[in-house]
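Combine both chains into one complex, guided by the hints.
The residues making up each chain are set out below.
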Amino acid sequence: MATERYMVMDVALCHDCNNCFMACTDEHADNDWAPYQAPMPWHGHRWMDILRHERGENDRIDVAFLAKPCFQCGDSAPCAKAAGGAVKTRGDGIVEIYLDAAKGKDLTKDCPYGSIWWNEEAQLPQKCDFCAHLLDNPSWEHGVPRCVHSCPTGALKFYTEEPAAFAKRVEAEGLSAYKPMDGATPHVWYKNLHRFTKNFVTGGVLRGYDWAEGVEVTLEGAGVKQTQKTTAFGEYKFDGLEDGDYTLTAEGKTLATVSLKGASVDAGDATL
Amino acid sequence: MPEEKKLVKKTQLTTGGPCWVYVDEEENKIVRVTPIDLTDEDAPSWSIEARGKTFTPPRKSTMTPVTAASKSIVHSEKRLLYPLKRIGFDPKGERNEELRGEPQHSPNEDPKYPGYERISWDEALNIVCDEIRYCKREVGPASIVIEPSSHHLWGFINYRHSVVFRFMNAIGATYGDHNPDSWEGWHWGAVHMWGYSGRLGIHEQTDGFVDCIQNCEMIVWWSSDPETNNGIYGAFESTVRRQWLQELGVKFVFIDPFYNHTNALFGGKWLSPQLGTDAALAAAIAYVWLQEGTYDKEFVATHTFGFEEWTKYILGESDGVPKTPEWAAEECRLKAADIRALAREWAKHKTMLAAGGKGGWGGACRSAVGMDWTRMMIALITMQGIGKPGVNLYTTTEGAPVDSDFYFPGYADGGCCGDPENSAAGAVWQSRMFAHNTGNHSLVSNLSTGSGAHIPRLRVPECILDDYTEWSGRGFVGAAIEQQFHRYHWPADGYPRMHLYYKYGGPHIGTMGETNRYAKMYRTKRLPMVVSQSVWFEGEVPFADVILPACTNFERWDVSEWASNSGYNPDSHNQANHRFIVFQEKCIEPLGESMSDYHIFWEICKRLGVGDVYSDGKDILDWCEAAYNVSDMPQKLSWEEFKKKKYYIVPVDGKAPDAPPFRWFYEDRPQDTRGWISHFRPGDLLEMKGLQTQSGKIEFVSNSLKRFGHYDTDDKERPLMPMYLESWEGHHTERFKTYPLAVVAPHPRFSFHTMGDGKNSFLNDIKDHRVLVDGHYYWIFRMNAADAEERGIQDGDLIRAYNERGSVIFCAQVTKRLPKGTCHCYESSAEYNPVGKPGESDDKGGCINILTPGRFLSKYACGMATEHTLVQVEKYAG
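Quick note, the sequences are listed as chains A and B, same order.
Here the first sequence is numbered in numbering that gives the first Met the number 0, starting from 0 and rising by one per residue.
Here the second sequence is numbered in numbering that gives the first Met the number 0, starting from 0 and rising by one per residue.
Same shape as in the complex, but just chain B (with noise of 0.2 Å):
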């Protein structure tokens, strides 16, 4: 038996935690992943006094289930194992660029791989290499865009922002930009409340935890599910910290369409408002609040601007429309008294607000009434005095006590490459990697910059299919307040269209909004030629002319830590309850004939002469061990110890006092919680003190949407203040007699945006993720019996949903998380299967994004608004 043959044991890390893999190396196979006990030998944990207890997390990572899966991930039956080309497509020839995703077929057909041939790596770089060179010479710079996927495959060196952009600058391609997608209502609603660009509109959640767990009596979860998007990369670590809250009597309050899992692991009140009208409980709570007076006074006095017109506006005075709790109850479908009771037990105990699946995230600040949501939040936490003991906005899954003054970079900060316009190496990163005497070599980019040319992800469609497309923003946009503003158009001025789309990861279809347009966008001669790079044969990568096959983390070497973004989201190792630095091993060798991204880069920038200039002269392993020496670790474990102990737990004794968020706001000090970034940006501020806002306090009227000004003309749906407005994706809306049902589109929880999904993995097994139907694994949509009952819908029926975007058939749950009139279904879809032509059929895939909204936020405030969408239902006819 292969227990006999002696497994090895290997360390990797996943977007769901660390794990250690045992390995049959004979056989080049995964046998078995799990999680990591800690030993004696590693730092002991750290412990919190709170109310007479003392507690210390498990001495045991946790993961998620995408992890506990890895095995059938990588080895899935729709692995590229080889590099192919599109049936139809000669490069030198007739390309039929609109047939793409439509599969053609040929004796040479590949029986795996459906419209696709088999053909050598070098033949398939000698195809990508002279198109590159056509579009340098011929076309013109910026004729090549690459675009990566949101989450790569977890690692620090392998990471998009690092060995994507490292071949990036060396090739000369433009940025397929990314907007922050699950942050959306934060960073172009509250960053002109409160500022924090650099954090994507969330302040720090900085030792959160333990002035929580010391002082606060009630969390409101509103939009908040924590157990099943685990604080994006935290697993269940902060689940134990939850059940602590709950032994010590800590009230929860849930504010959900759905019935979230964290409410059904807890309990608690349920209020369930119709979508999109969050906003409106939010100002009738407040309204409690003013008539009654208990709200912090003296703090909204000092640290506000603008209350009193905001407050003439919650009371009527300035718009004729008291926001009461009955005419809240009307528009939210709830309880007047249920607004009332939550106003008053709210204002009697010291409560956090848990306003999304982290500090901020995910969400209702994903959908049409994002900004007017986020920014209801800061407004109720403010007026509860945010910063005193046991009041802040926070939601358990970041904060541990952990030591973050002990560097290790993050996955954002820009790894091999050091790029400091496209990831956050200007911060810190650069100046050690690749200081003077290093050896090593940063490359940058003249090109994917401000004063070059980029391409917004949400905008692909039309930058291909449309003469002239523009919008505001550049990317994550965390430069400054005021970069939201800056208007962008594509062709950019003097550049050329695009002409060569190199896709790493294939997604769109499964994760954008109205998405149709994505497989509709392949499908011209306005695209000549698509490469895509990826692991799995799934979502849009068919529609590619030339496939590169990619290798998991699995089948290469890394070295990162567990949860650390870092970038836009600092600090975000405290998710985990022990900083886990984790060399990543190669578990085994790459399956097939795919290759590893870096290698797969470092053959075409050979071809192009450009071989060195890419690989400063080393392999994946010699930048993790440079990586490795610039940080911190070295003062702990060589970097040939660490290899042999394979995983290093950052010990706790070292840590500064705790200096919980905000608390330095509400007691008028310079800021003082921990991390690297909280001070990087001096200029934001006024002598180290007060907020980014000009104001340097928290505005409810909004000087910088002022200064901007389009407020009251053509950008009506961003308002000066935080304010109820009816969404344009609700029921308000003349849709809503066509599409009756509203439905909420939450990240998954089975799947890590489209990773695990699909592939043949273990996961499609999960009966609340997929359900088999006639040899077919569908994807799931929730729904009230009520609404059931009235389609002749039953429990496990095939159904069709659809709207003037598209149609997706799906697999009906009936079930009692959902009040009548809302339906649910995660968003992230990996497969993307229409039956008919691409773009134009139902999709038995089960990407709801095709029903959802493809336009902005607003016209300047340039987000992607998924989160809720308007469909009509009937039972699939087949």
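So that you can see chain A by itself, here it is in the shape it has in the complex (with noise of 0.2 Å):
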């Protein structure tokens, strides 16, 4: 079985430092890698897209950053039918757009993640192909694509393998999609997704006019049911939560009833 090429992100590992992005501009803006691709216009591409995602009310919030390229959807994608022939997929999963047969045709709005651009000058949808001009280079030491070889935190990897191995690091390391379509073998896959789609409920526990620490808070609703102990500034903090009506508990007491409507919660300072 062949090898093929996956790109796994740790949203977690994020801070928005757009090394990646810079990368992927510096490789591919006035330089002609034909016959991979033409020359990126100088500005106003992304084909590494990073989203900015915050959550929380108050001072309870946290921010997670969502670096986006073509997810390598394979030939079942949107944008591989609409092509007609211009855009295939390769042995190794990267999906290339071919030069002479896309010229002219307009490809944006067939991608539903947005990822494909429209280069003005060329005539041409561009997209990221995971660098596929320096992964067939063996010149090119690295063997992984400009934004991962530039992620100062860690958070972009680059994996050569067999589907089956690449199958066993999904379900091990507990990797998701985003927003995955019916039949497509998306090649780009995120951990720690939940800091983008899911929400949590936060808050305080106060013991007279201190924080309650290490106190036990109970969380049941939604079909789902967790305890945790409050930290030193009494704060509790229930993650990757789907929408849904809550009720929080401790020490036999109702802190705080919520409802989840797409973004998360600051259930308040309550007194025990």
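Don't read these hints as lab results, they were simulated from the structure.
Please note that the accuracy of each hint is not assured.
[To be verified] In silico DSS-like cross-links for lysine-lysine, where the CA-CA straight-line distance does not exceed 30 Å:
| hint | chain 1 | residue 1 | chain 2 | residue 2 |
| --- | --- | --- | --- | --- |
| 1 | B | K654 | B | K617 |
| 2 | A | K236 | B | K347 |
| 3 | A | K178 | A | K236 |
| 4 | B | K250 | A | K224 |
| 5 | B | K59 | B | K250 |
| 6 | B | K250 | A | K228 |
| 7 | A | K260 | A | K178 |
| 8 | B | K91 | A | K67 |
| 9 | B | K349 | A | K228 |
| 10 | B | K349 | A | K236 |
| 11 | B | K766 | A | K156 |
| 12 | B | K736 | B | K819 |
| 13 | B | K654 | B | K59 |
| 14 | B | K52 | A | K167 |
| 15 | A | K67 | A | K190 |
| 16 | A | K236 | B | K815 |
| 17 | B | K815 | A | K197 |
| 18 | B | K91 | B | K524 |
| 19 | B | K585 | B | K635 |
| 20 | B | K815 | A | K228 |
| 21 | B | K815 | A | K224 |
| 22 | A | K260 | B | K736 |
| 23 | A | K190 | B | K250 |
| 24 | B | K9 | B | K524 |
| 25 | A | K260 | B | K815 |
| 26 | B | K334 | A | K156 |
This is the structure we're talking about:
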């Protein structure tokens, strides 16, 4: 079985330094990598697009970033269907736009993730191809795309392995695809994606005038029941929750009832 | 394809890390810039045993996004490609000085540079040289003022302390002195509490990390965001250190008006005190410790001076206001329970205080309350016994366990000039580089000295526009604590006014305070001529009469070490996980007709008959070789071998035993921390022990301020003790009624000062840096949803922020990362784009510093205070 190319991004390790976006632009703007890629315009394209997501309320918030390249979804992707042969998946899973065949075909609306960009000057649709021109070049000793090579936190990783091995990795590391389409075979996966796609309930527990540390708080609702202990600042934070109604209790007392509707909630401070 | 053309790999070094540069030599073009992966040929990395685990850093350099965008900065369409003369400027006739900054038009106008016509190098140099001759013969010494930017493009030989000073001293010019703009509160405040004037008020950080990872249980990050500021030059080298600490369960608490990027990456409790009230929060923490007896009483009794008097202030015995958590909660707009919990957690754990962006530097120290905040930070960590294992003022950005005894110079050491008055050359460098038989000759000044004349950068406008201007302290004022009190004025006694302003780079409007002053200073006949030597057509450069195009570091040779500035920031190479000594290769030929700074200065000197004096018979590469050969490097590699290898990693096998910061003080021993500066001023100490203060101890009541004597009369903003004073740019002022939004304006994340910003670089496209609206890239202003809604502002709207100092157009970013009433806007826009008259109209470039204060910290503490400003904001109608 042949190896394929996979990118994995850990949302919890990204702080939006933008080195991936800069390295991608550095590699492609004003550089002609035909037959792989025509030069990317100096401005305006985000083949590596970094999304920001803030959650929470008041002083109980968090912020996460998701680096979004083309997911290399395979031949069932809408872009491939719309391209009439100009978009094809290679044996290693990389989805390539063929320059001659794609000339004049604006495929930007055919990607549900907004990962295809229009190059007006070249009259070409363009997108990330995992720096295939480098991966195919033995003198590029790093064996990974530019974005991965420039990532300083370890948030971006790159694997060349058999699909079965990668499937095991998905299982072992708890990886998810971002908004996967039916029948697609994405080659970009995420760790800690809940920071982007799910919500939390947080709050504080006081005893008298001071925060109560080590108090067991229980969250129950929407089919889940979880328990955790408060921090030295009296705080609890239940993450990865789906929308629904939740009740928070401690020491037999109801601290708060909250309703999650697509956003994280600070349930406020309760006194025991 | 170019890959088959055989791209040539060359090395360079930047403010944001070393890099491989892939060059297409045929096209004279940079193709890509990458970090450097170490190989087996390079020295092994250090490793640390801590809590049952072994930690060793990645075998690869990191880089900042600015460095990653280098190609677009070098090949920018804003590059100056040939000399220019301002239309309307006739050196021999009408100069139209008052029209500077307002492009005039003529048939000769260059379409690339509005308001300018292209001239030859010959014509440009003749105009400049004629004016220098006129200044020296007709006006008098000190009438030529040369003033570079804080951070030049990286290099040792080509840095401002080197080539600019060599030129300045060769032609006889006066220096526009720099202030320690990122250290102000430490420098003007903390030195009066614990000395360290030679380190700008911050103690050594050497070997700090080993102690931290082995012993520390909690870190309080106070006005500290290393993921944004990188410890200045260390790129993301310290990120992995924080990841290890988190892996070991070290607790993090963040105190910052903004939910900063380090907080976002690592989580941890966030406290956002109202702007300017950090010292109140600190006082309340001390109050809890005093009440509960949870501080190191023995250390305080034996190692401090004046603690009892300060205790009376904290407890309210001397002023009737006990600094309780409830009192502070109201002042800071925090929860009292949070303050008590923080104080107790801190006392319960071995805690390090990360105050500022490295050891000190950046953040609240640059604000109106900088001197109170820094001294309060020292007070708190002193109460917990600074220097004992796991307890220190330390930020993880420095103190990697590298071998600091291996000598290689840093940029402040003075390079090819060796000027001991205006660089750190006198300590070590001069005796090596310019020793007998080296064949090298230093070039010193009799003008830019303490006995000559100088101008402080912060008062250049007043020195031009006013008849008389005065201030305290010269430049970085590192010589002695008391040097801060020396009074100076302009014009200096017996010297003339400024006639020729030779500006090197153009960032003032983006980086100083109340900066419409700088736009206005150019537009007057009181300043007869302005030369700008610059790489890009940006900022204040388009005010100059003659523009000389310089090239970047990618277009000339150099040799230097990563993150090493030396001088007042000694041993700062330990920001990086490996000591990288780099051959900075000339990657491409200078673009257009641009030249290296060294060569521009050389051409001027040749015309003035001092070419050989300036060059000492050497070109840049000759100076690089000379510098290399007097460092410790030849013991490892010859110059020829080094040029082939291109970089060198200093091994750690010769490293001296660990000597953590302040451990010697805690244990009453002579200072044993490593590195070249530790012992070079024995005269500051008694019997080589103790601190530089009069008592040799940490002074809660300052002897130096008491002797100076103005603390109770006209310098009340710098009291004898660390205290909470209401900010003069804060919510207790009258101005707050008109300008009710408090803006924190820290050093930027996606440019290095103004470096990399604007100039059509790739950085413009970073979503959190600038936003493209109707064809213009606007700078970002962050605000809370409630503040935005009150003003009818939505995320992405253009807004106008203004106060009595000026008005700036930004793009609004509505965020949860700020409490109501507090806004956030990075300083250091490289762009200055007035929509009308320069200095008097809205700026579309995004210079928040137009709105920040231009005044000094206090009357005699002549540092800047631009971190906080009060403004009002409205939706921009256009």
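Consistency of the hints with the structure:
Of the pairs offered as hints, the one joining K654 of chain B and K617 of chain B is violated, with about 35 Å between alpha carbons and a cut-off of 30 Å exceeded. Simply put, K236 of chain A and K347 of chain B have alpha-carbon atoms about 23 Å apart, close enough for the 30 Å limit, and the pair holds. Proposed proximity of K178 of chain A and K236 of chain A is supported: the alpha carbons are some 25 Å apart, at most 30 Å. As the CA atoms of K250 of chain B and K224 of chain A are separated by approximately 27 Å, the hinted pair is consistent with the 30 Å bound.
For the given pair, K59 of chain B sits about 28 Å from K250 of chain B by alpha-carbon distance, which is consistent with the 30 Å threshold. Proximity of K250 of chain B to K228 of chain A is assessed by CA-CA distance (about 16 Å); at most 30 Å being required, the pair is judged to hold. Note on K260 of chain A and K178 of chain A: the hinted pairing holds, with a Cα-Cα distance of about 19 Å set against a maximum of 30 Å. Taken as a hint, the K91 of chain B and K67 of chain A pair is broken in the structure, with Cα atoms around 60 Å apart against an allowance of 30 Å.
For the proposed pair K349 of chain B and K228 of chain A, the alpha carbon gap of about 22 Å is at most 30 Å, so the pair holds. A threshold of 30 Å between alpha carbons decides the hint, and for K349 of chain B with K236 of chain A the separation of about 25 Å falls inside it, so the pair holds. Pair hint K766 of chain B plus K156 of chain A holds up; C-alpha atoms about 23 Å apart against a cutoff of 30 Å. At roughly 16 Å between alpha-carbon atoms, K736 of chain B and K819 of chain B fall within 30 Å of each other, so this suggested pair holds.
Straight-line distance between C-alpha atoms of K654 of chain B and K59 of chain B comes to about 21 Å, which keeps the hinted pair within the 30 Å bound. Proximity of K52 of chain B to K167 of chain A is assessed by CA-CA distance (about 28 Å); at most 30 Å being required, the pair is judged to hold. Restraint check: the Cα-Cα separation between K67 of chain A and K190 of chain A comes to about 13 Å, which is no more than 30 Å; the hinted pair holds. Only pairs whose Cα atoms come within 30 Å are accepted, and K236 of chain A paired with K815 of chain B is accepted, the gap being roughly 17 Å.
Using a Cα cut-off of 30 Å, the hinted pair K815 of chain B and K197 of chain A holds, with the two alpha carbons roughly 17 Å apart. Between K91 of chain B and K524 of chain B the CA atoms are separated by roughly 15 Å; this keeps the pair inside 30 Å, and the hint holds. Proximity of K585 of chain B to K635 of chain B is assessed by CA-CA distance (about 23 Å); at most 30 Å being required, the pair is judged to hold. At roughly 26 Å between alpha-carbon atoms, K815 of chain B and K228 of chain A fall within 30 Å of each other, so this suggested pair holds.
A hinted pair counts as satisfied when its Cα atoms are at most 30 Å apart, and K815 of chain B with K224 of chain A qualifies at roughly 28 Å. Proximity of K260 of chain A to K736 of chain B is assessed by CA-CA distance (about 38 Å); at most 30 Å being required, the pair is judged violated. Taking the CA atoms of K190 of chain A and K250 of chain B, the gap is near 23 Å; set against the 30 Å cutoff, the hint holds. For the proposed pair K9 of chain B and K524 of chain B, the alpha carbon gap of about 47 Å is over 30 Å, so the pair is violated.
A hinted pair counts as satisfied when its Cα atoms are at most 30 Å apart, and K260 of chain A with K815 of chain B qualifies at roughly 18 Å. A C-alpha spacing of about 41 Å is found between K334 of chain B and K156 of chain A, which places the hinted pair above 30 Å, so the restraint is violated.
Checked against the numbered hints above, the structure breaks hints 1, 8, 22, 24, 26 and satisfies the rest.
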